[in-house]
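Okay, so the sequence shown: first residue is 5 according to the numbering used here, each after it adds one.
Please note that the accuracy of each hint is not assured.
Stated by the list, open to error - Computed beta-carbon distance windows for the label pairs:
| hint | residue 1 | residue 2 | range |
| --- | --- | --- | --- |
| 1 | PRO14 | GLY85 | 39 to 49 Å |
| 2 | GLU28 | VAL157 | 30 to 40 Å |
| 3 | ALA52 | VAL157 | 19 to 29 Å |
| 4 | LEU70 | ASN50 | 16 to 26 Å |
| 5 | VAL133 | ASN50 | 19 to 29 Å |
| 6 | ARG138 | GLN33 | 28 to 38 Å |
| 7 | GLU35 | ALA67 | 19 to 29 Å |
| 8 | ALA134 | SER29 | 16 to 26 Å |
| 9 | GLU132 | ARG93 | 12 to 22 Å |
| 10 | GLU54 | ALA134 | 14 to 24 Å |
Since the hints were derived computationally from the structure, they do not count as laboratory data. Cβ coordinates follow ideal geometry from the N, Cα and C atoms, glycine included.
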Amino acid sequence: MISPIVATQPMQAADHPAIRRLSESLGRQAEPGNWGAGECQVVVKNPAGELLGWARAHWWEPADPLAPAGYYLAGIEVACGYRQRGVARSLTEARLSWIAQRASTAWCVVNAQNTASLALHRALGFEEVARAPRFGTVVFNGGSGLLLSKDVVSSRGPAKAQV
5 MISPIVATQP
15 MQAADHPAIR
25 RLSESLGRQA
35 EPGNWGAGEC
45 QVVVKNPAGE
55 LLGWARAHWW
65 EPADPLAPAG
75 YYLAGIEVAC
85 GYRQRGVARS
95 LTEARLSWIA
105 QRASTAWCVV
115 NAQNTASLAL
125 HRALGFEEVA
135 RAPRFGTVVF
145 NGGSGLLLSK
155 DVVSSRGPAK
165 AQV
């Protein structure tokens with residue numbers, strides 16, 4: 005698990021270069037400058053300020069017969085040396101809290117082969133809704149993806165459904 009003194013925090017523009025470097029180190033191409041201002045964008049850093057991971061959530065209307073419009077967990081990346089240490093869970097719990105202030109259901113799509121992500125989402129109470137080779141614009145390499153959902157409750161009580 006990550007140290008209790010390391011907590012999620014809102015993503016800042018100053019974090020963007022580190023996010024790009026982390027993404028490139030994982031063979032990906034995250035571009036935080038293109039993300040929407042109304043999203044949940046969070047990071048986890050170590051006490052020295054080094055980026056350990058980032059994640060985002062946002063409203064998505066996939067125009068898909070299986071995947072409804074709603075608040076979705078979007079991208080997440082964790083530095084290789086910090087995987088399986090609670091960083092992804094901390095980032096996901098922060099995003100779920102953000103969604104709970106806006107909706108009664110959180111959604112996500114996950115590659116069926118991503119066992120670590122599936123284990124995390126199941127541990128947090130997500131349930132499978134559908135399987136397909138694509139949901140909206142998300143196409144899954146190597147097979148199919150899963151549409152997952154979780155009922156969330158705001159600290160202010162149940163939020164009105166946005167779906």
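Hint check:
1. A C-beta distance of roughly 24 Å is found between PRO14 and GLY85, which places it outside the suggested range of 39 to 49 Å.
2. Between GLU28 and VAL157, the C-beta spacing of about 38 Å keeps the proposed range 30 to 40 Å intact.
3. Checked against the hint of 19 to 29 Å, the pair ALA52 and VAL157 fails, with Cβ atoms roughly 36 Å apart.
4. For LEU70 paired with ASN50, a C-beta distance near 39 Å fails the hint of 16 to 26 Å.
5. The hinted window of 19 to 29 Å between VAL133 and ASN50 is violated, with their beta carbons roughly 36 Å apart.
6. As the Cβ distance of ARG138 to GLN33 is approximately 20 Å, the hint placing it in 28 to 38 Å is violated.
7. Hint check: GLU35 to ALA67, Cβ distance near 23 Å, so the stated range 19 to 29 Å holds.
8. The beta-carbon spacing between ALA134 and SER29, approximately 32 Å, falls outside the hinted interval of 16 to 26 Å.
9. Checked against the given bound of 12 to 22 Å, the beta carbons of GLU132 and ARG93, roughly 19 Å apart, stay inside it.
10. The hinted window of 14 to 24 Å between GLU54 and ALA134 is violated, with their beta carbons roughly 38 Å apart.
Hints 1, 3, 4, 5, 6, 8, 10 from the list above are not met by this structure, while the remaining hints are.
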